[in-house]
Amino acid sequence: MKDKIIASLFVLILLFVYAFLIPPFQNPDEVQHFGTILSLIYPEETYPALEKDILNIMENSYWHRLIGEPYLRIEYKSLKDIRFLRNYRISKNYSNISVFHWLYSLLISPFKDKSLLFLFYASRLISVFFTFSIFLLILIVFKNYSPFIVSGVFAVPQFLIIGSSVNYEVLFTFFGAIFFLSFFSSVKRIKYYHFFLFVFILLTAPFVKKGGWIFWIIFAFGVLLFYSFKKIIRYSLVFSGFVISLLWVVYLYPERFYLPVKNLFYFLVKYSNSANSSAKVVKIGMDKFIILNFKSFFAKFGWMSFGVHNIFYILYFVFIILSLVGIFFFFKNKDEFKTGVFTILLFSLNTYAVWIWYGSHGVYAQGRYYYYLYFLFVCFIVKGLDNLSTSVFKNKNLLLSAFALYNIIINLYIIFLKIIPIFYIKISSPHAGL
Numbered sequence: 105m106k107d108k109i110i111a112s113l114f115v116l117i118l119l120f121v122y123a124f125l126i127p128p129f130q131n132p133d134e135v136q137h138f139g140t141i142l143s144l145i146y147p148e149e150t151y152p153a154l155e156k157d158i159l160n161i162m163e164n165s166y167w168h169r170l171i172g173e174p175y176l177r178i179e180y181k182s183l184k185d186i187r188f189l190r191n192y193r194i195s196k197n198y199s200n201i202s203v204f205h206w207l208y209s210l211l212i213s214p215f216k217d218k219s220l221l222f223l224f225y226a227s228r229l230i231s232v233f234f235t236f237s238i239f240l241l242i243l244i245v246f247k248n249y250s251p252f253i254v255s256g257v258f259a260v261p262q263f264l265i266i267g268s269s270v271n272y273e274v275l276f277t278f279f280g281a282i283f284f285l286s287f288f289s290s291v292k293r294i295k296y297y298h299f300f301l302f303v304f305i306l307l308t309a310p311f312v313k314k315g316g317w318i319f320w321i322i323f324a325f326g327v328l329l330f331y332s333f334k335k336i337i338r339y340s341l342v343f344s345g346f347v348i349s350l351l352w353v354v355y356l357y358p359e360r361f362y363l364p365v366k367n368l369f370y371f372l373v374k375y376s377n378s379a380n381s382s383a384k385v386v387k388i389g390m391d392k393f394i395i396l397n398f399k400s401f402f403a404k405f406g407w408m409s410f411g412v413h414n415i416f417y418i419l420y421f422v423f424i425i426l427s428l429v430g431i432f433f434f435f436k437n438k439d440e441f442k443t444g445v446f447t448i449l450l451f452s453l454n455t456y457a458v459w460i461w462y463g464s465h466g467v468y469a470q471g472r473y474y475y476y477l478y479f480l481f482v483c484f485i486v487k488g489l490d491n492l493s494t495s496v497f498k499n500k501n502l503l504l505s506a507f508a509l510y511n512i513i514i515n516l517y518i519i520f521l522k523i524i525p526i527f528y529i530k531i532s533s534p535h536a537g538l
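Note that my numbering has the sequence shown beginning at 105, numbered continuously upward.
FYI, nobody ran anything at the bench for these hints, they're computed from the structure.
Treat the numbers as computed from the prediction; the structure is a model and nothing was measured.
Keep in mind that a hint or two might mislead.
Unchecked claim - No farther apart than 16 Å at their CA atoms in a straight line, the calculated lysine to aspartate or glutamate pairs in the EDC-like style are these:
| id | residue 1 | residue 2 |
| --- | --- | --- |
| 1 | Lys216 | Asp157 |
| 2 | Lys196 | Glu163 |
| 3 | Lys196 | Glu149 |
| 4 | Lys181 | Asp217 |
| 5 | Lys184 | Asp133 |
| 6 | Lys216 | Glu163 |
| 7 | Lys184 | Glu134 |
| 8 | Lys436 | Asp391 |
| 9 | Lys218 | Asp157 |
| 10 | Lys247 | Asp107 |
| 11 | Lys181 | Glu163 |
| 12 | Lys184 | Asp217 |
Whole structure, please, built from the sequences with the hints as guidance.
Dropping the structure here:
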């Protein structure tokens, strides 16, 4: 128990460090998400004043300089004036509102008399809570492993940075962890409460908005791969009942439930359109696209501006190759092999989806779009490195300890040699604008 407490404190401290050390709005889309949260708390007549307060926070934290955006205070009277934010302004645009915004606004609204800076960091702390909850779930799953190793494996720097930001990837990742935990716990001994939990997540995922449709496809993949035909028939009947009930609810209350159902099929309806029609289209090859996704999955902080030396990414790639070898050549049972196939299928599917939605239109994507699969990623790393270490080196923890230690070193490197110098020792932005 003492080891678990120490390991948990380690992860929690890292999350707190990133939440408070990274300046306001220096994570992707924090301006837009925080503004949308505020729109649900305050009346519309206060929106211009809210934008002015946000602009003051941005100025005081040198946001424009770090982004690479030329800045003259007189030019920006509202957020819409900032070209980098693509015409965003605080408004009650319900098509952009998700469960993430509703939930965060509900949790911070009791403190609405406080400063916006207070509310911003309160929002980051809510994200810390959800990300830390994911770690606790993973700690339970791998209870037979050293908590220190599990905490180290979990602590991929970019995941902790995004996990402590004001971003709805946090909630989507939380949904993903619960979904996969329930899914795999039901493979050998499925019970009705597992299935109801599946359906609950499937039906509420659209409210999360970004990528809500993906859970339906994951469910279909998993059913085909893991479950017997009899179970498919049995539980499909229950599932059909839920779908029919949902359609009736949408029919009876279209003004309330049309948007979530629409978001469920958002990808299928909109995949052929540009993800960001107002963005400057940049020609980008598939190879460069995949490399950028890979780098930003592990360490690419700020607004995709600041990374680490390529040697660090190469070492992460080596660990992934070793995990692949461990899963597919030294697996201990068929379920483990199936899980490996399942993981590869989902990461491949997601890469294709992100390419269609972003890359094919010349828009840079980010590794955070894979984080709803983070639970699977941790399982893949733990099982793969465990299998390889046990079979080849006769030491269960050798490679796992190496990966955990490597993550810890990278976190310390980023904090002391990247974040502090870049954000607090006035090192200028290395680019002329994104």
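Under the constraints set out in the numbered hints, which ones does this structure not fulfil? Violated: hints 2, 4, 6, 8, 12.
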